[in-house]
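Peer 1: Each chain, letter by letter, is given below.
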Amino acid sequence: AQSVSQHNHHVILSEAASLELGCNYSYGGTVNLFWYVQYPGQHLQLLLKYFSGDPLVKGIKGFEAEFIKSKFSFNLRKPSVQWSDTAEYFCAVNAPTSGTYKYIFGTGTRLKVLA
Amino acid sequence: EAGVAQSPRYKIIEKRQSVAFWCNPISGHATLYWYQQILGQGPKLLIQFQNNGVVDDSQLPKDRFSAERLKGVDSTLKIQPAKLEDSAVYLCASSSYGQGGTSTDTQYFGPGTRLTVL
Numbered sequence: 001a002q003s004v005s006q007h008n009h010h011v012i013l014s015e016a017a018s019l020e021l022g023c024n025y026s027y028g029g030t031v032n033l034f035w036y037v038q039y040p041g042q043h044l045q046l047l048l049k050y051f052s053g054d055p056l057v058k059g060i061k062g063f064e065a066e067f068i069k070s071k072f073s074f075n076l077r078k079p080s081v082q083w084s085d086t087a088e089y090f091c092a093v094n095a096p097t098s099g100t101y102k103y104i105f106g107t108g109t110r111l112k113v114l115a
Numbered sequence: 001e002a003g004v005a006q007s008p009r010y011k012i013i014e015k016r017q018s019v020a021f022w023c024n025p026i027s028g029h030a031t032l033y034w035y036q037q038i039l040g041q042g043p044k045l046l047i048q049f050q051n052n053g054v055v056d057d058s059q060l061p062k063d064r065f066s067a068e069r070l071k072g073v074d075s076t077l078k079i080q081p082a083k084l085e086d087s088a089v090y091l092c093a094s095s096s097y098g099q100g101g102t103s104t105d106t107q108y109f110g111p112g113t114r115l116t117v118l
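Quick note, the sequences are listed as chains A and B, same order. Counting from 1, one number per residue, gives the positions in the first sequence under this note's numbering. Counting from 1, one number per residue, gives the positions in the second sequence under this note's numbering.
Here are the simulated lysine to any residue pairs, SDA-like style, with alpha carbons at most 20 Å apart:
hint : chain 1 : residue 1 : chain 2 : residue 2
1    : A       : 102       : B       : 56
2    : A       : 102       : B       : 42
3    : A       : 58        : B       : 106
4    : A       : 102       : B       : 104
5    : B       : 44        : A       : 25
6    : B       : 44        : A       : 45
7    : B       : 44        : A       : 9
8    : A       : 102       : B       : 60
9    : A       : 102       : B       : 105
10   : A       : 102       : B       : 41
11   : A       : 102       : B       : 53
12   : A       : 112       : B       : 42
13   : A       : 102       : B       : 44
14   : A       : 102       : B       : 102
Across the chosen pairs, the derived CB separations fall in these ranges:
hint : chain 1 : residue 1 : chain 2 : residue 2 : range
15   : A       : 3         : B       : 83        : 21 to 27 Å
16   : A       : 52        : B       : 44        : 24 to 30 Å
17   : B       : 41        : A       : 51        : 21 to 27 Å
Computed footprint of chain B on chain A; a stretch qualifies when at least three of its residues, placed anywhere within it, have a C-beta under 8 Å from a C-beta of chain B:
hint : stretch
18   : 43 to 51
19   : 99 to 108
Just so you know, these hints were derived from the structure itself, not from any lab. A quick note: this is a predicted structure, and the numbers were derived from the prediction, not measured. The C-beta atom is built at its ideal place from N, Cα and C for all residues, glycine as well.
Same shape as in the complex, but just chain A (with noise of 0.2 Å):
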């Protein structure tokens, strides 16, 4: 069965710091890959997604993830987090399964930016 796995939980940053969480997926064919993030108290939203071309996409807020297709891999990365990044961070893919597109979530990773 398809799956993702995000191998971060939680994760507490100074500001400045460096980000980088960790999203594996299982699935061998060709996958569309998404990281949403939650913003407390507010909707679900697109950060950035990957679909064909450049492994590495960049998204909004200085947000970037690299597609590694031989790690099964999709990293999201950032170089000097904010307070204001603190946040619920969702990796997902989109694959086909019997005829249309279903999306598989992570768990999810709760970051916490500490001013």
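Chain A is fixed; fit chain B onto it per the hints.
Peer 2: Chain B alone, transformed into the frame defined by chain A:
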């Protein structure tokens, strides 16, 4: 552009009672999703509609959960009877996939309905 609307935002019921949630997707979006998000977990897809047809309901507990999408627009999700383990946030999302859109189109999420079953 108006976002995905959901109501109610919060609901508290006792076990064995029934409950219904409503979702209005973004205008023109062909695909509508219902997710269940239990505390500490990621969203789990319950059912996916494309227009008013079901394309995936493999994870919907059909003995107690039902969903419909009227005229390919609004949708309701019902639980009858509710169990303690149904306590979760129920998220609705929509995308333009399926009607001129592609699988890479962004899903837009509503604010969710937080259900507590006592």
